[in-house]
Each structure stands twice: as structure tokens, then as C-alpha cells.
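> Each chain is listed here by its residues.
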Amino acid sequence: MQGNDHSIVRAVLAGDKEAYGTLVRAHSAAVFRVAFRIAGNEADAEEIVQEAFLRAYQRLEKFEQRSTFGTWVYRIAVNCALNRVGQPGIEADYRHGEESDPETKTVQVATQDADPERVLLGREVSAAQEMAMQRLTATEKCAFVLRHLEERSMGEIAEVLGVAPNAAKQAVFRAVQKLRRELAPLRGNA
Amino acid sequence: MKHLSEEEQLDIYYEEGSEAAKAHLKGCRECYAEYAKFKRSLDAIKPEDVPQRGPEYGDYVWQALRPQLIPYEKKTVGWRGWSWWKTATAATACLALMTAAFIGGRYWEQRKTNQPEVAGNVQPQQRVVVVVLTDHLDRTERLLVQLNHADPGDRAENVQLQSEARELLASNRLYRVSASKEGDPALAGALDRLERVLVEIANDQHLTAADLDRVRKDMNTSGILFEVRVLLARKPNQESGPTSAKGVSI
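The listed protein sequences correspond, in order, to chains A and B.
Counting along the first sequence from 1, when you hit position 84 you're at 100 in my numbering, and nothing is skipped either side.
Counting along the second sequence from 1, when you hit position 187 you're at 196 in my numbering, and nothing is skipped either side.
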């Protein structure tokens with residue numbers, strides 16, 4: 017696949033624009049997954065996917081044949097997502113009606129119908145987790161998603177974020193501390 | 010005894026903990042209990058369900074992206090694409106070209122420096138004497154104008170014309186011969202016709218008004234005057250040519 021990707025990149029650089037479609041089809045799903053995990057909603061994730069592939073195309077001449085195209089476009093997508101999450105106003109778009117009480121830090125979930133208690137508890141946990149994630153800085157959120165959900169190594173995270181490995185590790189650590197603190201009341205309730 | 014910090018617990022959780030930290034965790038009940046709580050809290054953070062994207066999703070992304078892409082122009086082969094022998098050949102060619110240019114330049118400069126000495130030493134008697142024609146043609150023009158507008162009854166004017174014609178006749182012969190040798194038929198022809206007019210005027214001992222009138226008509230002095238003016242006009246453009254009207258060698 018790697019060799020094939022490289023030959024496709026060479027074809028694109030030689031003027032075969034259509035060949036880029038093969039790369040887009042092959043890597044769209046993986047790029048969407050990480051974009052969704054960082055952005056937190058489908059609309060932003062889809063825009064991130066578009067932006068990542070567009071940027072990759074524009075910088076294709078700089079693509080180093082050492083890495084795979086998939087890894088390269090993945091990193092670009094994380095950067096696009098990082099920029100998007102860092103923008104003010106984006107986070108407000110994907111609150112679904114939940115509100116948190118700053119005094120007690122307990123989460124109140126709006127229910128639509130009388131579901132069993134288990135389903136309700138699952139929703140509550142999910143909503144609390146989502147809100148806790150929103151309170152992280154863009155870098156912390158990115159670092160945590162890449163480490164905890166995408167299972168990337170600290171070296172990879174540092175490279176994607178453009179920071180030293182120790183700084184990446186600290187970002188993950190700060191995110192974990194904040195999340196544990198935010199989710200502690202929920203654990204107590206559960 | 011120093012217990013595990015939260016950071017060390019995190020390292021162990023992500024399987025990056027040191028051997029010493031792992032050993033401590035096994036032997037310390039307090040740290041073990043603390044780590045168990047830590048692990049439970051992190052385990053609870055599960056990945057959110059990512060909406061499924063079918064196989065057609067790639068096509069959808071590509072169709073949206075396609076119109077925004079400008080095709081790359083076919084790459085020309087740069088220095089990096091050259092093989093070592095191509096580079097070596099190009100370098101050798103450049104070196105040879107520079108050497109040839111250097112030697113050629115030296116040779117040309119040397120030849121240029123020696124050239125006047127050779128001409129001066131070998132054939133000093135054949136030194137080219139350049140005589141400027143401008144003055145002669147100007148004087149001839151004035152003479153022809155005077156001839157065309159001369160008053161036949163004015164004896165003094167006729168004498169002056171005759172005197173001027175005699176002076177011009179000698180130099181005109183030299184210019185005509187030189188022009189013929191230089192291969193300038195236009196100038197030689199004009200000077201030849203002019204010479205005949207000058208001979209008629211200069212050699213007539215008893216120049217009368219009737220003689221002047223005959224010369225004007227028979228020899229078409231107006232036509233010759235026109236030729237002289239043309240020659241005067243063309244001079245600046247032919248200064249350097251072999252058929253230069255400005256100067257001829259004698």
C-alpha cells in the first residue's frame with residue numbers, strides 16, 4: 017500500500033489530478049474518525065476532512081517519501097482539527113441542551129422519554145465526558161484524544177503537535193487531571 | 010517510602026512506566042489501591058461512537074474536493090533528477106566552454122593589439138589617405154546652383170565660375186578614380202558626369218552666356234545637382250562601408 021501510495025503521489029505530481037481520488041478514497045474514513053474525535057461533531061469533522069485533503073494536495077511536493085501518505089494526511093487532519101477546536105465559537109455549536117451546575121459539578125441530562133435507568137445513566141456519563149472534554153484546551157484535547165482514544169505514541173503526538181515529547185506528555189497529563197476532576201462527581205453518583 | 014505520583018501512575022497506565030515504578034506498585038498496597046482508582050477513572054473515558062461512514066464516503070469527499078484542485082504541471086527534471094554521469098558531462102562541457110572562451114579572448118586581444126603595428130611596419134607606403142568628400146561636394150553643389158541661376162550677361166560672375174570649376178576639376182578627378190577603385194559606381198558615375206561639366210566650364214577660354222546656357226541644357230546640370238545632393242544625403246549612413254561617400258582612399 018505504501019509503495020502504491022508513493023507511485024500515486026508521483027502520478028499526481030506529474031499532472032494526473034484524478035489519481036489523487038484514489039488516495040482520498042483510501043484514507044477518508046481514518047481521517048474522518050480522528051477529526052470527529054477531536055471536533056466532537058460530524059459537520060466539523062467533515063469540513064476537517066475536506067480541508068486536510070486539500071492542504072495535502074497543495075503541499076504534495078513537500079511530501080517526504082519516508083512516511084506513508086496515510087500518516088501524513090492524518091497529521092495534517094489533526095492540525096486542521098486543532099486549529100478548528102481552538103477557534104472561539106466552535107465549541108458552543110455542539111452543546112445539545114445539557115447544562116452543568118458550577119456549584120455541584122453534577123450533570124443534568126435532558127431526557128426525551130422514560131428510558132430505563134441504565135440507558136439514562138449511559139447518556140449521563142457520555143454527556144458529562146463530552147462536556148469535560150470541551151473544557152480542555154485545544155492542545156490538551158488533541159493530545160488526550162491521540163493518546164487515549166487513537167492510541168498514538170508520545171513521539172507521534174509530539175510530532176503532530178509540533179512540540180517536544182515532554183511537552184506532549186505534560187499536555188496529556190494535564191488533560192487527564194482535568195478530566196478526572198470533572199468526572200469525579202459522576203463517579204460518586206454512579 | 011516514596012509513593013507513586015499521579016504522573017507515574019499515568020505512565021504505568023499507558024504502559025510507559027519504569028521498572029522501578031512497576032515494582033513499587035506490586036509491593037505497595039496503598040499505591041496499588043490508588044492506582045486502581047486511577048485506572049477506573051481513565052477506563053471510564055471511552056471513545057465516543059464515531060458515526061459510521063460507508064465505502065461511498067471516499068467518493069463523496071473526492072467529488073466535493075475535485076473541483077478545487079488545480080492539476081500539477083508536468084515536472085521538469087531538476088538537478089536532483091540528474092544521474093551522476095549527466096552532471097559530470099554538463100560540468101565538463103561548462104569547463105571546456107570556459108577554457109575556450111578564455112583562450113579565445115586572450116588570442117583576440119593579442120591580435121587586436123598587434124594589428125596596427127603590422128599594418129604600419131609592412132606597408133608604410135600604402136598608408137590609406139582618407140579624403141573627406143563633404144567639402145568637395147558642398148563646393149560642387151554651390152557651383153552648380155550658381156550655374157543654374159547665373160546671369161548670362163554678368164561677365165564677372167562667369168569668370169568666378171570658371172575659376173572655381175578649374176579648382177574643383179583637379180580634386181574631382183582624384184575622387185572619381187578613387188571611387189572607381191573602391192567599387193562605388195554610383196559615386197564614380199556622378200563624379201564622372203560632374204567632371205564633364207567642370208571640363209566644359211574650366212577649359213573654355215571665351216566662356217559666353219550661350220556657352221553656359223548650352224552646358225546647362227545639354228549636360229543637364231540640374232540632374233547632376235540632384236545627384237550631388239543625394240550623395241551628400243547618403244554620406245552619414247555609409248561612413249564605415251567600403252563604398253563610403255564621405256571618404257575615399259587615394
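Hint data in this document are derived by calculation from the structure and do not stem from the laboratory.
It is possible that some hints are incorrect.
Stated by the list, open to error - Below, computed lysine-lysine pairings styled on DSS-like, alpha-carbon distance capped at 27 Å:
1. K190/B - K226/B
2. K31/B - K194/A
3. K48/B - K194/A
4. K31/B - K78/A
> Hint by hint, where does the structure go against what was stated? Just the numbers, ascending.
Those not satisfied are hints 1, 4.
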